[in-house]
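**Q** Line order of the protein sequences matches chains A and B. Numbering of the first sequence is given in full-length UniProt numbering, commencing with residue 1 and proceeding in unit increments. Numbering of the second sequence is given in full-length UniProt numbering, commencing with residue 1 and proceeding in unit increments.
FYI, nobody ran anything at the bench for these hints, they're computed from the structure. Be careful, since some hints might not be right.
[What the hints assert, rightly or not] Footprint (simulated), chain B over chain A, 3 or more residues, beta carbon under 8 Å:
1. 121-127
2. 193-205
3. 220-226
[Unchecked claim] Computed spacing ranges between beta-carbons, pair by pair:
4. ARG187/B / ALA139/A: 51 to 59 Å
5. LEU266/A / ASP15/B: 27 to 35 Å
6. GLY146/A / ASP352/B: 29 to 37 Å
7. PHE309/A / ALA376/B: 55 to 63 Å
8. SER304/A / LEU334/B: 50 to 58 Å
9. VAL331/A / THR316/B: 46 to 54 Å
[Unchecked claim] Partial chain B-side listing against chain A, Cβ under 7 Å, derived:
10. GLN79
11. ARG120
12. ASP133
Given the structure is predicted, the values throughout are model-derived calculations rather than measurements. A virtual CB, placed ideally from N, CA and C, is assigned to each residue, including glycine.
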Amino acid sequence: MSTDTLTERPARSTLFDGLSRYIPIGATVALLVVMYLVGTGNYRNFGEPQVVANLFVNNAALLIIAVGMTFVILSGGIDLSVGSVMAFSAMSCAWLTVEAGIPAETAVAMVLVLGTVSGAATGAVIHYFNVQPFIATLAGLFLYRGLTLQISDRDVAIRDNAFFDWGMERTEFGNVRDGGFSLPNIVFIAGAVVLIAFVVLHYTRFGRGVYAVGGSEQSALLMGLPVARTKVGVYAVSGFCAALGGVVAAFSTKSADPLGGLGLELDAIAAVVVGGALLTGGAGFVLGTVAGVMVMGMLSTIISFDGRFSSWWARIIVGILLLAFILLQRVLARSGEKRKT
Amino acid sequence: MSDEPIVQMTGITKDFTGVRALDGVDFTLRPGEIHAVMGENGAGKSTLIKVLTGVHTPDAGQIRLDGRPVRFNSPKAAQAGGISTVYQEVNLTENLSVAENLFAGREPRLGPFINFRAMRRRARALLEDIGIDLNVAAPLGSYSIAMQQLVAIARAVDIKAKVLILDEPTSSLDRDEVAVLLRVMRRLAENGTAMVFISHFLDQVYEISDRMTVLRNGTLVGEWESAALPESDLIGHMLGREAATLEQIERQAGEHKPDRGEPIVSAKGLGRKGSIAPYDLEVHAGEVVGLAGLLGSGRTETVRLIAGADRHDSGTLAFEGKSVGSHNPRTAALRGIAFCPENRKTEGLVGDLTVAENMILAMQASKGWARTVPPAQRSRLVAEFIEKLDIRPANPDLPVKNLSGGNQQKVLLARWMLIEPKLLILDEPTRGIDVGAKADIQRLVTELSGDGMAVLFVSAELDEVTRLSDRIAVLRDRELIATLETEADMTSEKIVDTIVAKGGDQ
Ligand SMILES: Nc1ncnc2c1ncn2[C@@H]1O[C@H](COP(=O)(O)OP(=O)(O)OP(=O)(O)O)[C@@H](O)[C@H]1O
Ligand SMILES: [Mg+2]
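Chain A with its partners taken away, still in its complex shape:
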């Protein structure tokens, strides 16, 4: 056989391939490091571990939701309903425990199931009726916000509930006063979500199917992959994550705000893109999303440490970053094309 074996080197060297896939995420991590150094160089106390720990504490809900968004974007879709679903879940939890007197554990479980099922339903509408994801989830955005306001148009506080108190119970790592830090349970929840998402995306058939569908839905269908199940699945994952994000938000504020999570879907999308995923689907990493969320958190932290700029500057800079990352992806995609003759 060896005499008539056809050989071909990849048009791009494998080393380059290995690297090129990681360039966007590498850029994000580098950016994080630079921002950290700027912070520690300019502001007193910025270098304390608790500052970094707080990035995770303050952004736990966003992180969870952005992980769900990563699944959807990798599959080539988009989910605009997550902010509303989050508010709806937080509100439902609060209402069920405070007003209806249902045990908190049960209320949370119900909300998570509801989020997953409604996500799956959205996915089914998108797949079977061939509706644009943008439109289908935009409907969800209005629907769940409306339902939330229907339950209550003002904050509902959750007081003296053991289960909800558990969420912010802290575990200390070293002594906080000299070099240690502490993390509340919601951070561990977010960590677990990231870990599970990572394993699912990289080591299961469902996860690889998400990448395949994002690469080319038509091809995935012709290859005999379960496209319907995959597409319904990613929206179910996103729905679950949005609901869990709502629960975590309720944990951290001990209340539900009917206008909570306004515009959060856009933050989640921005985090995923800054984390290196392609909006067209098929390329990206869940760990990139973590880095993306961190970048956005670090920005607000720097601005609040500085105190001279209004917090809107964080938005402006996120906008610039988004543009920069999308341009970077275009450049990479084009150089990939060129190399391949």
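Using the hints provided, position chain B with the ligands relative to the given structure of chain A.
**A** This is chain B with the ligands only, laid out in the frame that chain A set:
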């Protein structure tokens, strides 16, 4: 070989909005046979396959598999039922690795988790068995279309189905790769796999198939033993006209002779490291220059430099006597160079736009968006090229994705021909195009060059190169080794001799 049929389709009818793609077609596949489905572009071959494998549902008719009536509702179901298919369209995902593409949906697992190590090992073994050697961990997209096609075939073969369907698997393959494929097919046939083979290369069809079913305009013409059907009769059945008329067209195409004037394009020492060694090449107005050579000899790379698709790193390029500075697809288009690339499957066509819109895209772009092409002129040009290239259905308002594969290619060719460039560069213009339309395209190329257009084209089919070209540039190992004038006695053998002889020198 003639026991119970494994697949039996009877009275299959399939309507798309406005077109009847299949009309009461019968098809029978027997165990262990290789069965060719033949027909012109748009005859309904791919549709027949898609109805069988659950991509489309038939409007009427029955399908039996092993004697039992079946109706698959997705390719996944067909696969589970024992039918494995390589469709005419791209059907792999470029962003996943070679190994993942080979095993997508059936990855080896440890518990719920994919065992990547075992998957890569099996992928290597599978490819080695077929006779190709790739880095299975690299993304599929980093390989050439030909290799991707072979990977798709390897995947389909490995599914170990009772029935293997190959819809134009060879349309982007070169000689060596076709040999690899035919060898694999023979081995499978010996093991009792029944195969359906679709191709516009008649020599391949005759070499490998036991039986042929011919379709024309969505209806069944008949079924024959390949050995009992002479090629001229086959062409007659496919086109519904006598093969003799076809021969005549081809002869006419060879007779044209230009008077050589000022070169339109002239390359001196043009080259790009790692892709093509520096070469000299001139193309004059009204001249057709063909590039011949084996796979990987640098044919495509040569034309890409002239088209500005790749940047050259040595030598100079002059256009109409003026040396060009910055050279990229945009400036090339402004100078009047049109380039129709090889990889038409993924480059170029916008599926949701209509035939007419796709055709005028390049013309519109070359004029700039501010100046639109007058509608009357536009529809006249579109109608003219639909007729000249025999695009079917001849309806300019159909979305292009609804056309058959071959007709989509014709649309893309039309796009570049109708801007009336000074230099037209065609990379493999007749791949996947039926015998009749091939002659139409060849005639059109001759006609355009007769009107003064310079044409530079690449083709793996040496017959085509000899028939069309006034001069032939021969490539070997990424180097231009000779330029031959086409005299009356030019033959494919002469080109092969040149390639072999120069190889012996080194
Ligand atoms: N999805 C679709 N929607 C509408 N019409 C279609 C669709 N697919 C195919 N057709 C039409 O059905 C007819 C048969 O097409 P088909 O793809 O089966 O041809 P083919 O024999 O495979 O040709 P080729 O050799 O060019 O691949 C054509 O007229 C085509 O325009
Ligand atoms: Mg076809």
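**Q** So, for every hint listed, does it hold in this structure?
**A** So, going through the hints one by one against the coordinates:
With a threshold of 8 Å between beta carbons, the proposed coverage of the stretch 121-127 of chain A by chain B is violated, since 0 of its residues qualify and at least three are required. Note: the stretch 193-205 of chain A has 4 residues with beta-carbon separation from chain B under 8 Å; the three-residue rule is met and the coverage holds. With a cut-off of 8 Å between beta carbons, the stretch 220-226 of chain A has 7 residues touching chain B; three or more are needed, and the interface restraint holds. The hint said 51 to 59 Å for the Cβ distance between ARG187/B and ALA139/A, and at roughly 54 Å that hint holds.
A hinted range of 27 to 35 Å is violated for the C-beta pair LEU266/A and ASP15/B, which are about 45 Å apart. The hinted window of 29 to 37 Å between GLY146/A and ASP352/B holds, with their beta carbons roughly 34 Å apart. The hinted range of 55 to 63 Å is satisfied by PHE309/A and ALA376/B, whose Cβ atoms lie roughly 59 Å apart. For the pair SER304/A and LEU334/B, the beta carbons lie near 53 Å from each other, so the given range of 50 to 58 Å is met.
For the pair VAL331/A and THR316/B, the supplied restraint of 46 to 54 Å is violated, since their beta-carbon distance comes to about 28 Å. For GLN79/B, the shortest C-beta to C-beta distance to chain A is roughly 4 Å, which falls under 7 Å, so the interface hint holds. Because the beta carbon of ARG120/B sits about 13 Å from the nearest beta carbon in chain A, more than 7 Å, this interface hint is broken. Checking ASP133/B against chain A: minimum C-beta separation of about 4 Å stays under 7 Å; hint holds.
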